[in-house]
Amino acid sequence: MIAYIIRRLLYAIPILIGVNLLTFALFFFVNSPDDMARVHLGGKRVTPEAIEKWKEDRGYNKPLLYNAAGDSGAKLTDTIFFKHSLRLFALEFGRSDNGRNIGYDIRQRMWPSLAIALPIFIVGILVHITFAMLLAFFRGSYLDTAGVVLCVVMMSVSALFYVIGGQYLVSMLLRLVPVSGYDVGMDAVKFLALPVLVGVVSGIGASTRLYRTLFLEEIGKDYVRTARAKGLSELRVLFRHVLKNAMIPIPTGVVVVIPLLFTGSLIMESFFGIPGLGSYTIDAINSQDFAIVRAMVFLGSVLYILGLILTDITYTLVDPRVRLS
Amino acid sequence: MPFQLEFLWTDILIYLLLASTLAFAFYTARHEHLRVPWRQVARRPMAMASLVVLTVYVTVGLMDSVHYRPLLEIRNQGERVYSNEVLSLLDRMTTLLRTRVEKTYSAPFAVQAYSKETVEYPDGRHAREYPRLSYGGAHLQNPDDRATDIARRIGFATLAGLALWLLLIAGFVWWWRGRAESWSGAVQRLWRGESQVPWRAIWMTTGVLIVLVANAACLSPFYHIFGTDQVGQDVFYKSLKSIRTGLVIGTLTTLVMLPFAAVFGIMAGYFRGWVDDVIQYTYTTLSSIPGVLLIAAAILSLQVYVGNHPDSFHSATERADIRLLFLCLILGVTSWTSLCRLLRGETLKLREVDYIQAARALGSSHVSVMARHVLPNVMHIILITVVLDFSGLVLAEAVLSYVGVGVDPTMDSWGNMINSARLEMAREPVVWWSLASAFVFMFGLVLSANLFSDAVRDAFDPRLRK
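Protein sequence lines correspond, in order, to chains A and B.
Each number in our numbering comes from the position in the first sequence (counting from 1) with 1 added on.
Each number in our numbering comes from the position in the second sequence (counting from 1) with 384 added on.
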């Protein structure tokens with residue numbers, strides 16, 4: 002098992018290098034630092050001196066890959082690639098284009114992101130599986146058909162409508178919770194209630210339908226028929242036998258999300274004004290802060306790969322038939 | 385010529401897509417074994433009803449994909465000067481909607497503006513009141529007649545629509561009835577839904593759509609049926625224009641990624657070894673970057689490029705079009721990986737199958753084995769993915785536009801409409817119509833696409849086949 006985990010971790014390294022090179026190419030080859038400076042300083046009437054100063058302040062005035070002017074070691078280390086791209090591997094994110102410490106910001110903003118993403122995740126899974134079980138229990142009946150139709154209808158509505166609709170209904174008409182904002186401690190609950198509700202509801206359509214299919218696939222199998230033939234009640238069959246086996250594919254979809262919870266949900270956070278990593282990214286995109294976007298791309302990939310590894314490990318844990326090869 | 389045709393990049397790709405779809409349909413129609421699953425789709429009432437709705441959307445989208453520049457004037461030496469403004473066939477048909485711009489917001493069917501203004505009367509008096517709109521309901525002498533006028537027009541449009549519908553049905557029954565079958569017999573058969581293809585569902589949907597279109601056509605020249613937005617543009621017109629954007633994102637993205645996914649997926653599964661390793665490495669790397677962030681990074685880079693090279697683009701339409709195309713490309717890059725993985729898995733299984741081994745033993749080259757034996761046998765996976773991806777991509781456009789990395793802000797799209805609706809919902813009184821019409825149009829497209837794709841998946845997925 003440990004050997005397997007180590008092998009998986011080693012396999013992640015070339016992928017991260019690939020991600021790193023790709024983002025570097027995307028940000029520095031497509032547009033030179035001069036272009037970036039011009040966009041930031043605004044328009045075409047920018048003096049070359051201003052561009053030089055802008056680049057020097059942010060360390061973009063070095064050669065891209067190879068510094069011929071440097072000393073022996075500095076030939077490779079005193080470059081943009083080393084300073085701005087390779088350092089990400091040590092999780093040193095450096096400074097954003099307007100001078101803030103990205104690493105500090107990320108550590109600060111991680112917690113609000115978790116505070117909203119984790120409840121959505123847990124409540125969401127519980128609610129969606131309950132609904133799916135309900136539909137599977139009443140399979141073939143009008144309730145099941147109506148449920149499936151409702152799922153398709155709910156799937157067809159953009160997540161943005163759920164957010165805007167929820168905000169309008171709950172905050173503006175009923176005035177139950179504030180429209181947006183965030184607070185620390187217990188006060189956060191009243192800010193988090195609505196985003197969590199919206200997050201769970203907007204996921205109902207797709208997830209319930211998926212889980213229902215998984216349950217129905219399992220219900221047709223022989224061991225379920227045996228369980229019924231033994232005289233077990235339908236509820237017992239569903240909960241003791243079907244649920245356990247149908248749960249096996251669920252971790253693949255679920256565990257992969259866990260590390261991504263840190264980066265939060267882009268839409269939710271910016272709509273509800275929660276100072277998490279999602280709104281951080283959106284703000285960076287809108288103010289064209291490339292350093293932050295670069296850091297977030299890398300962080301996102303690291304977490305995603307971590308999620309994949311975790312998924313594979315859970316898979317081997319819940320399903321002994323999966324061999325480690 | 386009074387106009388000059390203008391081919392935008394996305395237009396060309398749309399024509400290409402249309403041509404290949406027609407070729408595919410033609411090919412399928414001539415091969416019995418390919419027709420079987422489609423026949424199964426054609427028997428599902430829900431799928432066929434959705435197909436009718438989709439056809440309407442596609443028609444509007446295609447009309448919006450024929451672009452031209454109108455002639456402005458002919459100078460003395462016969463030199464023709466064309467307008468800088470790029471218009472489409474749809475623009476031409478909805479000139480009234482496009483050019484009748486109010487000052488600012490107005491509610492659906494309103495005759496008065498949304499906000500009060502100081503109006504000066506001819507006798508020099510000033511008053512704060514809601515001014516009449518310059519176009520919405522301008523034909524009414526007295527604004528109080530609005531309700532009767534609207535009811536009259538709706539009644540007329542509905543009757544006309546129903547008449548047209550009955551006429552079409554009559555024509556259909558004439559073509560459809562059996563040789564010795566009486567007219568009443570055929571109508572009865574249609575009414576009871578006793579046919580292989582669910583004609584009843586198809587005609588019901590068609591009827592509803594014809595009545596809706598007739599109403600829209602009859603009312604929109606006189607009123608802003610979905611209201612107007614902040615700069616006074618007709619929201620109905622904007623929603624119609626958004627259809628093309630949604631369709632382009634949903635279809636061109638798959639068109640862009642399909643060749644990569646198919647070629648690489650099949651190659652990885654077929655050759656295995658180092659080819660497989662390289663391809664697997666590529667798609668794992670690409671898929672491990674969170675999609676939104678990769679799109680954001682790419683669009684930001686494009687923005688900087690466009691900002692620094694303003695001379696490469698002739699018009700705003702062209703610039704928006706390039707951005708749309710680029711968005712399709714980058715969405716394609718993020719979405720080809722899952723299809724590639726599926727195809728690789730399926731090819732791994734297929735390459736051990738007897739007929740592939742036999743083809744190899746008979747001396748077929750690798751290329752011909754892959755093209756003639758593997759590809760046709762993974763076609764169902766490709767088809768299912770294409771159809772299933774469509775609605776997700778249309779929804780993704782809205783989210784991306786909201787994040788600020790979607791289509792150009794000047795381009796009409798549902799995402800941009802929703803985006804602006806955020807501030808409109810906070811106004812007093814609430815400006816709900818932009819959001820509502822974006823919702824209705826988007827929901828119609830996505831729901832029918834979802835229903836249709838379900839039927840396609842059921843028919844083509846061998847695991848679900850009985």
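Among the hints, a few may not be true.
[As the list claims (entries may be wrong)] Among chain B residues calculated to face chain A with C-beta under 8 angstroms, some are: (1) R453; (2) P454; (3) T542; (4) S672; (5) L678; (6) S685; (7) V690; (8) S804; (9) F823; (10) F827; (11) L831.
Because the hints were derived from the structure by calculation, they are not lab data.
Here the structure is a predicted model, which means the values were calculated and not measured.
No residue lacks a Cβ here, since even glycine has one placed at the ideal position from N, Cα and C.
- Task: Check each numbered hint against the structure and report the violated ones by number, ascending.
- Result: 1, 2, 3, 7 and 8
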